[in-house]
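Protein chains in written order, with our numbering: chain U, 6 to 315; chain L, 131 to 412.
Rather than coming from a laboratory, the hints here were simulated on the basis of the structure. Hints are not guaranteed to be accurate.
Claimed, not checked - Below, simulated SDA-like cross-link-like pairs (lysine to any residue); rule was C-alpha separation at most 25 Å, straight line: (1) L/K258 with U/S195; (2) L/K258 with U/P132; (3) L/K258 with U/V83; (4) L/K258 with U/L130; (5) L/K258 with U/A129; (6) L/K258 with U/I79; (7) U/K38 with U/I79; (8) L/K258 with U/W128; (9) L/K258 with U/S198; (10) L/K258 with U/R131.
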Amino acid sequence: MVGVFLVQRGLSLIGDGMGHVALAGVAVGVVTKQAPVLTALVFAVAAAVVIELVRARGRTSGDVALAVMFYGGIALGVVVIGTSGGGTPTNLDTYLFGAISTTNPGDVVVFAALAVVVVTVTWALRPRLFAVANDEEYARATGMAVTALNITLAVLTAVTVVVAMRVVGLLLISALMIVPNATAQLVAGSFRSAIRTAVIIGAVCSVGGVTTSFYANTASGGTIVLLAIALFLVASSYSALRGRFAGKRHLEAEQHEHEHGPDCGHSAIEHDHHVDYLHDGHRHAPHEGHYDEHLAEPKPLDTHDDPVRH
Amino acid sequence: MFVTGSPDVQGSDSQAIVSLRSASFGYADRAVVSGVSVDIHAGEVVAVLGPNGSGKSTLVKGILGLNEHLGGQVELFGTPFDQFRDHARLGYVPQRHTLSASVRATAAEIVAIGRLPHQNWLGRPNPKDRRIIEESLALVGLADRANIDVSTLSGGQQRRVLIARALAAQPDVLIMDEPTAGVDLASQEVLSQVLARLAGRGATMLIVTHELQALRGVLTRIVELDVGRITFDGTSEDHDRWHGALSAGPDPHQGGQHHDDETSPPSTAAGPLDHVSGGHGA
Numbered sequence: 006m007v008g009v010f011l012v013q014r015g016l017s018l019i020g021d022g023m024g025h026v027a028l029a030g031v032a033v034g035v036v037t038k039q040a041p042v043l044t045a046l047v048f049a050v051a052a053a054v055v056i057e058l059v060r061a062r063g064r065t066s067g068d069v070a071l072a073v074m075f076y077g078g079i080a081l082g083v084v085v086i087g088t089s090g091g092g093t094p095t096n097l098d099t100y101l102f103g104a105i106s107t108t109n110p111g112d113v114v115v116f117a118a119l120a121v122v123v124v125t126v127t128w129a130l131r132p133r134l135f136a137v138a139n140d141e142e143y144a145r146a147t148g149m150a151v152t153a154l155n156i157t158l159a160v161l162t163a164v165t166v167v168v169a170m171r172v173v174g175l176l177l178i179s180a181l182m183i184v185p186n187a188t189a190q191l192v193a194g195s196f197r198s199a200i201r202t203a204v205i206i207g208a209v210c211s212v213g214g215v216t217t218s219f220y221a222n223t224a225s226g227g228t229i230v231l232l233a234i235a236l237f238l239v240a241s242s243y244s245a246l247r248g249r250f251a252g253k254r255h256l257e258a259e260q261h262e263h264e265h266g267p268d269c270g271h272s273a274i275e276h277d278h279h280v281d282y283l284h285d286g287h288r289h290a291p292h293e294g295h296y297d298e299h300l301a302e303p304k305p306l307d308t309h310d311d312p313v314r315h
Numbered sequence: 131m132f133v134t135g136s137p138d139v140q141g142s143d144s145q146a147i148v149s150l151r152s153a154s155f156g157y158a159d160r161a162v163v164s165g166v167s168v169d170i171h172a173g174e175v176v177a178v179l180g181p182n183g184s185g186k187s188t189l190v191k192g193i194l195g196l197n198e199h200l201g202g203q204v205e206l207f208g209t210p211f212d213q214f215r216d217h218a219r220l221g222y223v224p225q226r227h228t229l230s231a232s233v234r235a236t237a238a239e240i241v242a243i244g245r246l247p248h249q250n251w252l253g254r255p256n257p258k259d260r261r262i263i264e265e266s267l268a269l270v271g272l273a274d275r276a277n278i279d280v281s282t283l284s285g286g287q288q289r290r291v292l293i294a295r296a297l298a299a300q301p302d303v304l305i306m307d308e309p310t311a312g313v314d315l316a317s318q319e320v321l322s323q324v325l326a327r328l329a330g331r332g333a334t335m336l337i338v339t340h341e342l343q344a345l346r347g348v349l350t351r352i353v354e355l356d357v358g359r360i361t362f363d364g365t366s367e368d369h370d371r372w373h374g375a376l377s378a379g380p381d382p383h384q385g386g387q388h389h390d391d392e393t394s395p396p397s398t399a400a401g402p403l404d405h406v407s408g409g410h411g412a
């Protein structure tokens with residue numbers, strides 16, 4: 006749900022970077038004997054705010070600054086965890102790659118609460134997040150608090166990363182945010198349906214992946230992501246095939262410069278929720294960037310086809 | 131207001147929609163446009179002309195608050211610039227060549243963004259909003275494509291989606307950055323029809339453009355910039371004459387026509403009289 010706005014803003018990999026920083030938080034938590042989830046949350050949210058502030062300043066070095074921060078995060082995590090002595094590396098593995106069986110009931114309550122917060126805030130802000138991600142300059146011109154919205158989105162991403170890290174793992178969390186959205190873009194026709202499809206795909210993959218990993222005794226995170234990628238491959242081959250068949254099946258009208266519209270001079274015939282324009286005895290229906298030839302016979306009464314220049 | 135079709139203009143007619151007094155705009159303390167004085171009143175259709183880099187876009191973005199206001203006085207609807215909050219009254223049509231290629235979005239979904247300033251944080255489009263979205267798309271001739279993914283539309287159609295988005299905000303002035311640039315000739319023709327239709331409804335427009343020809347008959351006034359300053363401000367007839375004078379030198383037939391331009395006299399800027407002193411000639 007959060008992921009779609011990241012895809013829209015061209016920030017697909019930012020969740021990955023936040024995962025790196027969250028790792029430092031986990032390490033600090035393990036070493037200081039605090040709850041790793043809370044320290045990870047603090048680190049990831051702080052990273053989110055810094056990322057957006059760097060982006061808002063519009064520095065060309067912003068990209069480098071982010072890279073330094075992300076790798077600094079993972080390096081710090083590895084070094085700090087090393088100081089804690091034996092036994093911990095396996096613990097770190099569960100955060101990196103996810104292991105749902107290691108969660109305890111207390112964790113589940115915290116995750117559920119955080120998840121509810123993320124879903125509620127994202128739902129409430131959806132129209133504005135869409136507006137900012139679609140055209141930041143226009144949003145700013147209409148007086149929207151663009152920077153505040155971007156920081157909110159980054160914080161939502163950070164919280165999502167932390168919520169999902171025990172299940173999917175910090176290295177794979179970004180995939181679960183992005184891949185279902187990429188799949189949804191292939192099959193959906195509007196933003197609204199894309200977001201719905203992505204949420205459904207994400208949920209199906211998560212539940213399916215966890216179930217599979219339980220019975221097949223595989224890592225939960227990897228299983229979930231592989232399932233998501235499998236769905237993506239199915240969807241992309243489906244849409245490629247559909248594109249090819251649709252190209253053969255439907256009849257395109259001849260190319261013309263003229264654009265049909267309510268006052269173009271060609272008589273408009275309304276049927277089946279769309280409008281055909283009568284053009285030299287042919288019925289032209291707008292389809293994407295061109296016109297389709299519709300074959301239904303026009304009623305003779307309508308044929309006052311004006312010789313419009315085109 | 132164009133969309134709902136109410137004929138009355140908000141506020142008094144005498145009050146300027148945009149009023150600049152030796153205003154400067156730019157980025158990070160570097161002024162790109164400076165010393166600009168211009169008033170735009172309700173009902174005017176003003177073209178902002180000028181070569182690349184002359185500061186046209188910087189000027190309109192400055193009015194929209196998208197860059198730094200570095201000096202001079204700026205008033206919008208009689209309100210000083212730094213106190214102006216009612217941004218929805220300025221309908222911005224940005225210069226963009228592509229519309230959101232990364233995710234699916236229908237034309238109606240893009241236009242719905244224009245309604246956001248009129249909705250509260252938890253609000254969703256109500257029947258009135260939906261009607262305005264529909265009417266906005268109809269005004270730009272895209273009513274039959276409301277539910278089509280915008281990335282499949284042509285460049286000119288995408289530009290009209292952006293105009294519809296601005297219209298949906300029910301602004302008191304439309305500010306467009308190069309609405310006809312980079313689209314093919316047929317789309318340009320449709321675009322100028324759309325602009326003429328809006329002008330016919332009494333819309334106030336400020337249009338940054340290169341293609342004067344496409345907008346002829348719609349414009350009531352031309353402001354030309356060069357190197358960040360206004361070099362011409364007058365009607366399109368005056369503009370023709372001024373350019374004629376620049377390229378051909380003093381025109382003997384022009385002697386008696388100097389008083390034609392009472393309606394919008396060139397202020398401090400150079401105007402049609404300049405060739406007399408030889409300042410811009412040859």
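Against the structure, the hints:
A hinted pair counts as satisfied when its Cα atoms are at most 25 Å apart, and L/K258 with U/S195 qualifies at roughly 21 Å. Restraint check for L/K258 and U/P132: the C-alpha separation of about 17 Å stays at or below 25 Å, so the hint holds. Proposed proximity of L/K258 and U/V83 is contradicted: the alpha carbons are some 57 Å apart, above 25 Å. Only pairs whose Cα atoms come within 25 Å are accepted, and L/K258 paired with U/L130 is accepted, the gap being roughly 21 Å.
At most 25 Å may separate the alpha-carbon atoms for a hinted pair to count; L/K258 and U/A129 meet this at roughly 20 Å. For the suggested pair L/K258 and U/I79, the alpha carbons sit about 51 Å apart, so the restraint of at most 25 Å is broken. A C-alpha spacing of about 19 Å is found between U/K38 and U/I79, which places the hinted pair at or below 25 Å, so the restraint holds. The suggested pairing of L/K258 with U/W128 holds, with an alpha-carbon distance near 22 Å, which does not exceed 25 Å.
Our distance criterion of 25 Å between C-alpha atoms is met by L/K258 and U/S198, whose separation comes to about 23 Å. Distance hint between L/K258 and U/R131 is fulfilled; the C-alpha atoms sit about 20 Å from each other, no more than 25 Å.
This entry does not satisfy hints 3 and 6, going by the numbered hints stated previously.
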